[in-house]
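Asker: Sequence:
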Amino acid sequence: MAENQNKSVEVSNAVRKIINQFIEIADTSSYRAMLAQLRHTIGKPLSQSVEIWPWILNNVPESFMDKYGEVSYQLRAVINTLQIYALYEQGVAEKSSYKDLNKSEDSVNEKSYNNMGTALRTLRSDEGVRGAMDRRFSVMITASDYESFYYYLRQLVRLLKSRTKEDKQAIDYSKLARDLYLLQFEDSEKVRLSWAQEYYRFTK
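Counting in the working numbering, the sequence shown runs from 1 upward without gaps.
Worth flagging that the hints you see were computed from the coordinates, not collected in a lab. For clarity, every value in this text was computed on a predicted model and none was experimentally measured. Think of the CB as a built atom: it goes at the ideal place given N, C-alpha and C, for glycine as much as any other residue. You may find that some hints are simply not true.
With a straight-line Cα cutoff of 27 Å, these simulated DSS-like cross-link-like pairs (lysine-lysine) come out [stated by the list, open to error]: (1) Lys17 x Lys161; (2) Lys7 x Lys17; (3) Lys44 x Lys17; (4) Lys7 x Lys165; (5) Lys67 x Lys7; (6) Lys67 x Lys168; (7) Lys161 x Lys44; (8) Lys17 x Lys165; (9) Lys44 x Lys7; (10) Lys44 x Lys67; (11) Lys190 x Lys17; (12) Lys67 x Lys17.
Cβ pair distances, simulated, as ranges [said to hold, decoys possible]: (13) Gln155 x Asp187: 22 to 28 Å; (14) Arg201 x Gln155: 18 to 24 Å; (15) Lys67 x Ala2: 38 to 44 Å; (16) Gln197 x Gln37: 32 to 38 Å; (17) Ala26 x Gln155: 32 to 38 Å; (18) Val9 x Arg158: 24 to 30 Å.
Model the full structure from these sequences, guided by the hints.
Answerer: Written out as C-alpha cells, the structure is:
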C-alpha cells in the first residue's frame, strides 16, 4: 500500500508538470491540437495513439514504462487524466479549469477534502435533475472494474461541461491522476468513499 501511495505521488507530479506546460501555450494552435489528439485517443489502445506518444512519453519518468510493452498503471492514470482534461477544456478560450491545490488559497482542511467528487457536486445544484445525477454518480462509484469506472466518469464530465459553460468548475487534475492510479487496485474503496463523501457533502 505504501508503495502504491508513493507511485501515486509520482503520477500526480507528472500530470501537474504536463498541464502546467499546456497552460503556458493555452492560446496557441499547438495547444488546441494537443487537446484534440487526446480526445481522439479516448477508448483506443496506446498502441493506436501514436499522436500523443512524443509529448506524453517525454514527460513521464522512465519508471512509468513497462519493459514488456504493457501500459503501466502509472501511464494509464496519466493518459486518462489528460483525456478528462481535454474533454472538459474543449472550446475554452480563456481560463483553464485546472486548480493546483498546492498553490491555492484554500484552507488546509479544504485541500484535504477536495477531489473529483467536489467538482461533480455541481451537478446536484439543480433539484430537478438531482435524482438523475445521483443515479449516474452511483453507477460510476460502484462500478466493478476500472474501465467501467473511467467510462462513467467521462460521461459525468461531459455533463459537467454542459452545465458549467459560463462558469468553469475548478478541478485538481493532479489529484485526479493520483486517484485514478489508486482506483486500479483492489484497495480502491478509500478513493471511492472520499469521492462519495465530497459529492454528497453540504447539498441542501
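Asker: Please write out, lowest number first, the hints stated earlier that are contradicted by the structure.
Answerer: Failing hints, ascending: 4, 6, 15, 17.
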